[in-house]
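Engineer: If you want the building blocks of each chain, they are given just below.
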Amino acid sequence: MKRRLFLKSSVATGTLTAAAGYGLLPIQTASAASYPSDAFAAEDATSGASTVLGMDAASATESDDIKLKAPEVAENGAVVPIKISTNGATEMIAVVVEKNPAPLVMTAKFSDGASGALSGRIKMGQTSNVIAYAKMGDKLVKATAEVKVTAGGCGG
Amino acid sequence: MTTKIKVKAKDVGHDILVLVKHPMETGLRTDAKTGEVVPAHYITNMAFSVNGTQVAETMLSQAVSANPLTTINLTDLKAGDVVSVSWEDNTGTSESAETTIK
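Line order of the protein sequences matches chains E and L. The numbering used here puts the first sequence at residues -10 to 145. The numbering used here puts the second sequence at residues 32 to 133.
Mixed in with the good hints, there may be bad ones.
Stated by the list, open to error - Away from chain E, derived, C-beta distances all over 10 Å, residues of chain L: (1) Thr33; (2) Thr34; (3) Lys35; (4) Lys64; (5) Glu67; (6) Thr75; (7) Gly83; (8) Ala94; (9) Val113; (10) Lys133.
Stated by the list, open to error - In silico DSSO-like pairs for lysine-lysine, Cα to Cα no more than 27 Å straight-line: (11) L/Lys37 to L/Lys52; (12) E/Lys58 to L/Lys64; (13) E/Lys88 to E/Lys128; (14) L/Lys37 to E/Lys56; (15) L/Lys109 to E/Lys131; (16) L/Lys109 to L/Lys37; (17) L/Lys37 to E/Lys58; (18) E/Lys88 to L/Lys41; (19) L/Lys39 to E/Lys72; (20) L/Lys109 to E/Lys72; (21) E/Lys72 to E/Lys137; (22) E/Lys131 to L/Lys41; (23) L/Lys52 to E/Lys72; (24) L/Lys64 to E/Lys72; (25) E/Lys56 to L/Lys133; (26) E/Lys72 to L/Lys35; (27) E/Lys58 to L/Lys39; (28) E/Lys131 to E/Lys56; (29) E/Lys131 to L/Lys133; (30) L/Lys133 to E/Lys72.
As the list claims (entries may be wrong) - If you want the footprint, here are the derived chain E segments under chain L, 3+ residues with CB under 8 Å: (31) 82 to 96; (32) 106 to 114; (33) 128 to 140.
No wet-lab data here; the hints were simulated from the structure. Note that beta-carbon positions come from the ideal geometry of N, C-alpha and C, so glycine has one too.
Chain E with its partners taken away, still in its complex shape (with noise of 0.2 Å):
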């Protein structure tokens, strides 16, 4: 618990070192090859999907353009469904759970032929706010939903 709220705490005083730290991170050119291990390693709720969006996750807003689907109540964090669709073209779609220690969970990245739509099944190690976020053109949309978790999925 100390180290959420350290986290949580390192988390609002570090915005503006973080938001330094983007401009230096590389820029991920999403080949087969490429798997950026920093950004899905990353422990605050922001940076990473930053780092992979090429965008600053914090600045997305709230939109109708993109549909998060997630059960409100989860009894096994280890298998939580979600859906995710977007009207409009879409080039990147990247998952966030905000409790988790990792809290960049799967993106997906599309180009001519396929529509802006995901799904999958997650691992949540406690209740949290699940967010997805939609590159469309140069805007950035998220969408959050809560899901409660009833037993964690996260090692234990």
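Model the placement of chain L on the given structure of chain E, informed by the hints.
Structural biologist: Relative to the frame of chain E, chain L by itself:
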């Protein structure tokens, strides 16, 4: 590990469902018998192609459930198109599967 790919026609385009039998270990879990930490073992990249051209790529992490079922939607498929998926995990194992649109 086995990979299954399935195509479902939808109102808009086709859904591509990919089911991989994979442990997706987080690296946080300890083995109850030995007390040792089970090393992380998870799928990192998953690439979707139509007739050999990549149309979508998903990246997964430890926080994706074991035996992941991943679904995307493709809009421009026609009969005879070959849809393939290939994945790679953090230990370098990879596998692929393909199916032809009827």
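Engineer: Each of the hints needs a verdict: does it hold here or not?
Structural biologist: Results for each hint:
1. Thr33: L/Thr33 clear of chain E: closest Cβ-Cβ about 17 Å, beyond 10 Å.
2. Thr34: At roughly 15 Å from the nearest Cβ of chain E, L/Thr34 sits farther out than 10 Å, so the non-interface label holds.
3. Lys35: Holds: least Cβ distance 15 Å, greater than 10 Å.
4. Lys64: holds, 15 Å
5. Glu67: holds, 13 Å
6. Thr75: violated, 4 Å
7. Gly83: The claim stands: L/Gly83 keeps its Cβ more than 10 Å from every Cβ of chain E (closest is about 13 Å).
8. Ala94: L/Ala94 not clear of chain E: closest Cβ-Cβ about 4 Å, inside 10 Å.
9. Val113: holds, 13 Å
10. Lys133: Holds: least Cβ distance 18 Å, greater than 10 Å.
11. L/Lys37 to L/Lys52: holds, 14 Å
12. E/Lys58 to L/Lys64: violated, 38 Å
13. E/Lys88 to E/Lys128: holds, 25 Å
14. L/Lys37 to E/Lys56: holds, 24 Å
15. L/Lys109 to E/Lys131: violated, 32 Å
16. L/Lys109 to L/Lys37: holds, 15 Å
17. L/Lys37 to E/Lys58: Roughly 22 Å between the alpha carbons, so the hint for L/Lys37 and E/Lys58 holds.
18. E/Lys88 to L/Lys41: Cα-Cα ~34 Å, so violated.
19. L/Lys39 to E/Lys72: holds, 16 Å
20. L/Lys109 to E/Lys72: Holds - the C-alpha atoms of E/Lys72 and L/Lys109 are around 25 Å apart, at most 27 Å.
21. E/Lys72 to E/Lys137: holds, 17 Å
22. E/Lys131 to L/Lys41: holds, 25 Å
23. L/Lys52 to E/Lys72: holds, 20 Å
24. L/Lys64 to E/Lys72: Status violated; Cα separation ~36 Å.
25. E/Lys56 to L/Lys133: Violated - the C-alpha atoms of L/Lys133 and E/Lys56 are around 30 Å apart, more than 27 Å.
26. E/Lys72 to L/Lys35: holds, 20 Å
27. E/Lys58 to L/Lys39: Holds: E/Lys58 and L/Lys39 sit about 20 Å apart, inside 27 Å.
28. E/Lys131 to E/Lys56: holds, 8 Å
29. E/Lys131 to L/Lys133: violated, 36 Å
30. L/Lys133 to E/Lys72: holds, 26 Å
31. 82 to 96: As far as the segment 82 to 96 of chain E goes, the hint holds, because 8 residues have Cβ atoms under 8 Å from chain L.
32. 106 to 114: That given contact holds, which follows from 8 residues of the segment 106 to 114 of chain E lying within Cβ reach (below 8 Å) of chain L.
33. 128 to 140: violated (count 0)
Of the numbered hints listed earlier, those contradicted by the structure are 6, 8, 12, 15, 18, 24, 25, 29 and 33.
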